[in-house]
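Student: Chains B and Z, in that order, are what the protein sequence lines are. In this text, residue positions in the first sequence follow my numbering: the first is 368, and each later residue adds one. In this text, residue positions in the second sequence follow my numbering: the first is 2, and each later residue adds one.
In case anyone wonders, no lab produced these hints; they're calculated from the structure. Don't be surprised by glycine CBs; every beta carbon is placed ideally from N, CA and C.
Going by beta-carbon spacing under 8 Å, a handful of chain Z positions derived as facing chain B: (1) G65; (2) Y69; (3) P71; (4) P72; (5) R135; (6) R156; (7) S157; (8) L392; (9) E395; (10) F396; (11) P398; (12) W399.
Covered stretches of chain B, as calculated for chain Z (at least 3 residues, CB under 8 Å): (13) 1053-1066; (14) 1141-1147; (15) 1182-1188; (16) 1203-1209; (17) 1221-1229.
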Amino acid sequence: MKRRKFLQVAGVTTAGLAAGCGTGEGEKWLPYLVPDENLVPGVPTYYASTCRECPAGCGILVKTREGRPIKIEGNPHHPVNRGRLCARGQAALQGLYDPDRVSQPMRRQGERWIPISWDEALQQVSQALAAAATSGQDRVAFIGGADSGPTDALADEFVRSFRSSRRIRYEAFAHEPLREASRLVFGTASIPRYDFGAARYIMSFGADFLETFLSPTEFAGGFARSHGWHEGRMARFVAVEPRRGMTGFSADEWVAPEAGTEALLALGIANAVFRQGRARVTGGDADALRGFLARFDIATVSRQCGVASDTIERLAREFTDAEPSLAVSGGVALQHRQATQLNVAVHLLNAVAGNVGRTVTFPGTVWDRLGTFADLKGLVSAMDAGGVDVVIVHGTNPAFTAGAAGFASAFSKVQLKVALSSAMDETTALCDIVLPDHHPLEAWGLYTPVSGVTSVQQPASTPVHDTRQAADVMLQLARLANRTIGGGAEDAQQLVRRALGADANQELQRGVTTTVAAARPVRLSREFARLSFGPATFDGAETGLVLLTVPSVALYDGRGANKGWLQELPDPATKISWQTWVEVHPQTAAAASLHNGDVVTVTAGERSVEALVYVYPGVRPGVAAMPIGRGHTRYGRYATGGSNPLSLLGDVTDGSGALAFAQLRVTLTPTGRRVPLATTEGSPRQHGRGIARLAALASMGQAHEVHEPFTAAERRAIARADTAHREARYTLGDYRGEHPKWEMAIDLSRCTGCSACVTACYAENNLPVVGESQVQRHREMAWIRLERYFEGETEGTDFQVAQVPMLCQQCENAPCEPVCPVYAAYHTPDGLNGQIYNRCVGTRYCANNCPYKVRYFNWFDYGSPASPQFAFPGTLAWQLNPDVTVRTKGVMEKCTFCVQRIRYAQNEAKVSNRALTDADVQPACAQTCPADAITFGDARNPDSEVSRRKRDERGYHVFELLNTKPGVTYLTRVVHAEMAEAASGEGH
Amino acid sequence: MAVAVEPKVMTPRATPPTWAEVNRDIIKTLDPPGRGWFLGMAVILTGLALGALAWARQLKLGIGITGYTPPIFWGTYITTFVFWVGIAHSGTLISAVLFLFRSGWRSAVYRAAEAMTVFAVMTAGLFPILHLGRAWFAYWVAPYPNIRGLWSNFRSPLVWDIFAISTYLTVSATFLFMGLIPDIAALRDQATGWRKKIYSLLSFGWRNSNHEWRHFMRMYLFLAALSTPLVLSVHSVVSWDFAMGIVPGWHATIFAPYFVAGAIFSGCAMVITILVPLRKAFHLERYITVRHFENLAKLCLLTSSIVGYAYFTEYFIAWYSGNPFERSSFYNRVFGEYWWATWTMISCNVFIPLLLWSKKIRTSIPWLFVISLFINVGMWFERFVIIVTSLSHEFEPWQWAYYTPNIWELLIVTGSFCWFAMWFMLFIKFFPSVAIAEVKEALPPPGRTHAGGGH
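Chain B on its own, in the form it takes in the complex (with noise of 0.2 Å):
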């Protein structure tokens, strides 16, 4: 979308938005009696928005069309995302339309729950705060999640204004250790914010930084930019932890150290960068820091953590040689007893390499107020002592996330319990009066992720339920009990509005305004020094293996489990979804007999939960780690599968009060069972064939030798034999004159593997959910999918991998197409694979034929209600987009490179009389690549930018062969480390 475009769109519809789109009473889904004039039938409204599915706050567009929501998009100004979005932002939609959401205000009568009006339901909970307000200080309570701007003023003021200071903001993965180390380090407590793309060199400690990690899409675009192979300079990372996930696969080099001895190896790493006269810092904290480290011998450390003392000597040298570097640390899986030590140590890293105030800042985030998980602690304890009446929870799950600090006993021991909530998730089963809440996308506020960055929120459509805003309900709840909070307003859209001034109606239009916030300059703290510095411990049995609790890229801390695709989304390490795995090396597997696919008992203590092995080479021997997110007890029909690996832990907190996600050693007992893993892999390696390449970044520039499939003579018959086939193709129909030829590059370089391309396809495309039973059949739609290939020696640490988003190539010699018997599969004359419903009789010959097998094919029928494999059930039918058909049984489909975009584009550009351009068009797939790994346009246009990239040196086809003349390109992924040579084997 082009900005006037957007700018057009976004006027017309917020007049519309002032005029009716409030969150006022009485509105409903209504068919049209006089239409509403702004509402052109056909033409989407976009309204800008802010992503609330974590707490990066990342800008978005809404496209709507007729009244509802039918795609999430990257808001392109916003400063967070760039126009970016994740999976779990492009899922946000499946939330709204949750067909299990909590569709009126209800009360709990035993395990029943009964249907109230409003009005009775405020009222009853309003005398309730009263009283509790009368009968002494701090008997209310209100838990929420992640907030800023003037409804985060407002819960404050709310709690308050009952005579409490109980409000937590609490987030599973808050980050109480990083933020604890800055405040120790310097004198800050606030998490930092990192600068990826100015990074000449990147070493992450266990940080998800392209997953789940504080702002990720974020951080994927500057990872992108230093780490993409540019004109022959690209930043080094290097990965330190024991298990690497999706984000370690983008490392050049693994380093796993024994799982607990991160913090030691960094101090390590910087007693080496004082040792070799490299460190940027000087005076008195010279000296300081010099002593302090001097405690942590290299030799000694080598031998704790198991790592080299060559490594540890040649990481100081490349991260102090390159400049600036980043270490980065605070990742849930390694939030451990030694979790604070850790950033403690990561920081200091950051300051003797002199990357404090360029890639490492600390303006002040969204994180920096968030409780922790000791906060939560006693808050349990004073709900457990009766010390609490009333606690209204709103948009958190604790009674999921924080079963280790026995929140749901305690909970169930406060009188009146309240959820402002839109889905019946755990928490809310244990409260007595559901008030439903408003999604996201149907709510106002102003949200701060960074300091500078104001975000707005404004709802994209009339409420789907009958349903409040929590701020709405604060409102007439305090209301109700004779108090004045939030200045009088009226409800949330006017705090909106007045915090946003007069110039209101622009800022709901872009959506974001950013200040220049002046960073806040730090200087070194002595305070870490006291802290004691070891091998974290965890408890249980020696024999047993250390367990990872590790966040999940699609579900997040278990929040995304009530959407479909994100449950669907193959998770891009295993690649599993649906179920609950436990991941453990090779030869821990072959040790215990254990395959993938076994039903294994991983038992801590007393406590136990059940998980299907997976046998990865990414975690260190002696490590197993379970992904966080599903186990779910509550939470709608999507989230009934897999276990909760929280409910193992303990209470166990670090220094800084957070919990400890890592804090086991567990034993894994065969039940006898196995289960097929609802998993997407076929083959973990890629055979030489030449799918993924990877190439060495010494190798680059240099001339070599380029393996040609076919000799000269072959090469003029192909010629030859294509023209005579072109000829013929154009006399079967008007195919001759200007048409773009659409094609794609994707650079290999910049792809992550983290899956929002995927989601995004889903989302636009009305892919449907198949679920588990079919997954382990192959049977899931995904028309783009992530492979990922492993390349190089898996015993140990030395490996690479691979990976490749593999769509339709929409070959120009198509195999496809000459063997459909009723022209299904067809040739259009902008150069795409055509794909007709209506003709396909299911023969399902073209995906036979299909070399890349990226034809799908519906087995079931999805599409209609009737059938029992229906895959939008309730409400979950609105998000589908009315310009892709749903298909019916039986029928082939495939990736279409989004044509109903492109033919959306053609009928504009012909409307307004002008040429069609290749940035009128953008797949949902490349729109959303946080990575900007994916170009679509015109390949007939020499300076369009995927001409531009299908010259580069890099570019590839997949299986050049077999002469299918693809038009995706794909440019090889450069990495640092010299085993690439393996795997950038020409197409075989």
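On the provided structure of chain B, position chain Z as indicated by the hints.
Tutor: Frame of chain B, contents of chain Z only:
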């Protein structure tokens, strides 16, 4: 028949039956069926009904009720389709090609083989429809003027299939029926009541005159000549369903002859499988003799060697081509997850038929019966291996998978066998399953050694 007049074809040990005995013995097979027949028919119809129910379920819910596991988009249905097309081949071979080659021994077995051909094609023809995602639109594949304004894609081998199968069905059914006319006349002469009316109609007023015989023989010769190319063409076309694809393991020029040989191989085996119980049930030992079986066994032995040679060639070329995809595909066949299917195929089709070198074995009916069953199994697995194993291990390693048929597919496949068996069971009770006229031709004419008899 003018072409096979050697009177010495019968084994000297047995007394040749007289023409009257021929009439009596063969027409006796049409006697009202006994308990065994009804019992068999009950089993068959049950199987057919279960298959039909399975298909109904598949139509209703979608083809997903089967075990298809992408990228294996073709499975048991296409396997069984090719299997039945293959079975259909020996009928024409025996009746037409051996006729043209003046092999007199064919006369006792060709009727059963021809009937088998027609019913096998009828069964095979079900599968391309059964396997469609939208079976109710199967007719879209046929080229005919239609309101969709869309012609079939003649570049697609699936369209060629339609022509190949329908042509074969037409010609083989015609051939079967034409050959039946003199026999129907014989039946007519003995029948009474409504049967007589039907047989009269079907015999086209055949009066057994020299004039009629002269025309009949001409017509038969032409039809035989017309059918002969089909023996080669039909299975060649079916093989191109695969050879025209670029799937490693399919894309090979050897496919046409390889498939034709395989088809004749499986067809002959199936003829043996059917004739053994038929001969026993109707006491036709005097007409279908050990010599016939031995000849069929020799044919099996020959085609088994051709098929074995084709296997060898496939593997050799896969290696010799240096094409890594081909190499990987064929390595996977033998040592991959589907090793069991491949080794079943090789054992049944190459190793077990080696027993037929022994005269003792190939003249022993029980041995032959058992070996023919193995060949049937082996040839089914040949198609399974070609289709499923190749698809399971294509270009894209990320999309390698493993497929096993599930109960619904197996019900439908079983139903197809029942469908075939039903027609055959009906046939043997309505028409002579051994050609009366042609058997008589091979006998000494009446009046020389015996008195009376015949027409």
